[in-house]
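With the hints as your guide, set chain B onto chain A.
Here is what each chain is made of, one letter per residue.
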Amino acid sequence: MNILIVEDEARIAKRIERMTRTIFGSALQSITLSSSFQEALHYIENNVLDFVLLDLNLNGENGFDLLTTSVSKSFHTIIISANKDQAITAFEYGVLDFVPKPFNQERLEQAFNRATTKETSEGHELKLLAIKKRGRVQLVPIEELLYIKGAGTYTELFLKNGTKELHDKSLEKLEQLLSRTFIRIHKSYLVKISEVKEIIVKSGSKYWAELKNGELIPIGRTKYKILKERWL
Amino acid sequence: MNLRFLLFFLLMLMLEPVYAQDPVFKIHSVKYKIGDQADWSAKALNDAHWIRKAPKIQDNQILWYRYSIDILKAPESLRQYGIQLEAYGEYEIFWDGIMIGKNGNPGQEGEMPSEGELWTTFSIPNHLSNSGNHVLALRASLHYFPDHTRIDDLEIDYYDDLLTRGSVKNAYMHIFAGAFLITSLYFFFLFLSNKKAYSTLVFSICCFLVFALTLTVYSKGYIPMHYSLHVIRLQIISTFLLGISFLIPFYFSMQFPYPRQKIALFIYGVILLSIFFLNHHAFDFKAFNMVVSMWFFSFGIVLYGGYKKIKGARLVLLTLLLSLGVYFATSFSISLYVGLGLILLGMLYLLSINIKEQRLAYENSLVQSSRLRLELLKKNIQPHFLMNTLTSLIDWIEEAPKKGVLFIEALAKEFDLINQMENKTLVPISQEIELCRTHLEIMKYRKEINYSWIEEGIDFEQKIPPAVLHTLLENGITHSLPLADNSIKFKLLFESKSDYNYYTFLTIATTVKDTTNRIEEGTGLKYIKARLTESYQTKWDFSSEPTRNGWKNVIKIYS
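Going line by line, the protein sequences match chains A and B. In terms of my numbering, the first sequence is residues 330 to 561. In terms of my numbering, the second sequence is residues 9 to 567.
Just to be clear, a hint being listed does not mean it is correct.
Pulled from the structure, derived: some chain A residues nowhere near chain B, Cβ distances all over 12 Å [claimed, not checked]:
1) K430
2) K478
3) K493
4) D497
Ranges between beta-carbon positions, derived for each pair [to be verified]:
5) A/Q367 / B/S551: 26 to 36 Å
6) A/K462 / B/Q390: 30 to 40 Å
7) A/S523 / B/K410: 54 to 64 Å
8) A/S499 / B/A420: 44 to 54 Å
Derived by calculation from the structure, the hints in this document are not laboratory data. Virtual Cβ for every residue (Gly too), placed ideally from N, Cα, C.
Chain A with its partners taken away, still in its complex shape (with noise of 0.2 Å):
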């Protein structure tokens, strides 16, 4: 495990960082602190990172720029923060877990749980995806996304208007905060439920899902079963 800490608060920098330990205790590899956006930012950029923690009003800045930075990126975001009234445009930007001040160590094991554990976070729309396009980071909606394609590490994100994008996040990421609209119906495949058109059986029992748009997608032998009740 990676980590990167964004607080300006020493205190509180150093109560999350404790946690943090104990929480993921030798499956922790690095721990870093930053104190400034600056420095967060040119972090992000030049380390490999499973988590940032991260408090969106540093010195008196906004931290947007940087969340939108950090949730393009392959790894998850979870935010700290005092003020709770920008929970929703977090969630609505894709962060995995919204940790209000004051906090305690269950809190914040519970935030990094589910990225972990296939808990899912209920209640919270996703609205944006940011992805990376020549250099810049683009936010993408939701309702213009149709599927996505695990392919490696990266994601593939097919949209509305026949163009294709490229995530850094995994497919098991994406899902994890796509959970609510989206449904994993092959190991490659996230799809919309609301773009999904008919179940096809074929020959084999081989099944296939139509979108709405005409394009076939095939369906794991064991997601069939979860895709059906879902979309019924």
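Quick look at chain B alone, frame taken from chain A:
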């Protein structure tokens, strides 16, 4: 209130000439002769050789007037004609050779005390008031003004009408005057409760002068006066008019400011005074010229106000034009009161606009003050401060309970200090400094940075709006990173100059990059400026700028 009365009487005044009836008499000729003979009153006297121009007479000489008058219409049955005079002198009055009255002691004025009145009414015997030619003769002496041989006013009508007509008009004019008296008193008391509102005082004086003028002019019906005192009365009236003529444009100058106001008012004052003093006895001429000057000057000022789009100028311009219209439609004496009434209404309207604006400004300041109070209270409960503090506090309690207790104590002290300041607009500087030191104490526990506080030259007699330095301190903490030795220093300097005091607040730290090009003004700076305005209006200056080793804020307070 009295506004409706005013309008009603203005209307009455304007209508007066409309309902006046046709005269029942016509004067053919007036002839004069110095000397004294008993038969000069006779109707049949041949006065062909009498002079037609009023002569100047010597002291105690007797002058005879003979008026040839046509009665156009005989009186209705049971009613009697009368004759009303406004004439200088003491006299006996004859109608067709019969003495119908006596006003004083003609020819004996020097020896006997003053008797008789300036305004008199006599009845004409019924058998002598048939339609046709009649002779009115006056045997008069003019001890006090021998060069004023004239009858200013002569009126023949029904005797009882002559007596009552005056009182009815007087009654109206007294109510008119009363309205101005009440208005004057009301605005005078208003001025007493707010001594800075000079326009209220000027308006009050104007109303009082109009009241006094009206009362002086229209008291002639019931205050008997000897003709020798008439000049004094006219002088009093002229003085009131002088005051009114100066104060009305002066009032408009206050409401509609224009360049070189003092010079213009001075020149106008000189013009008025020269009109007042130069023509010693031409009272009508004086009155007319003063009022006309007043009208033109006022019109100019209000026109300028209208051009500058000052609120209310248009309506006042309308009242001025209306008064001009009244002047052309009626006579000077009527348009004077109607016009003054209209102009004063315009002034009242301006005043009501002023009062409304003052009220709005006051309400605004109340809202602003309570907003500032709220903002002060919010400092300690806004989530960024409160939740970060509580998180750190929990951590201290879990990890080092004794230090945690000290932290709680510092927090309690800051809360207490803020509570003490909550309803104040100015607090002692010592209290403000204590608040800053306590805040640093809290922030030390949170940020684990070595904050230090230095003050120099503080005058502990001084006061400052609450949490102003505290806000600067907060900004300093938020926007700075510690120096290499993990320290941030804050320095407060006070200096007193001849016309201002100033505080310099320095943050010595590494400034966060990128903050220099952010022009947007934060809520903190807005709070500081609003607090300074609340306590010092415009007499302050505030600047905030980065320096090589941190940040510099300067608050100047002018005395």
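We went through each hint and held it up to the structure:
Here A/K430 does not stay apart from chain B, with its beta-carbon only about 4 Å from theirs, under the 12 Å limit. Annotated as non-interface, A/K478 keeps its C-beta farther than 12 Å from every C-beta of chain B; the closest such distance is 39 Å. Residue placement check: A/K493 keeps its beta carbon more than 12 Å from all beta carbons of chain B (closest about 36 Å). Non-interface call for A/D497 relative to chain B: holds, since the shortest CB-CB distance, roughly 26 Å, exceeds 12 Å.
Checked against the hint of 26 to 36 Å, the pair A/Q367 and B/S551 passes, with Cβ atoms roughly 27 Å apart. For A/K462 paired with B/Q390, a C-beta distance near 38 Å keeps the hint of 30 to 40 Å intact. Separated by about 58 Å at the C-beta atoms, A/S523 and B/K410 satisfy the suggested range of 54 to 64 Å. At about 50 Å, the beta-carbon gap between A/S499 and B/A420 stays in the expected band of 44 to 54 Å.
Of the numbered hints given earlier, the model fails hint 1 alone.
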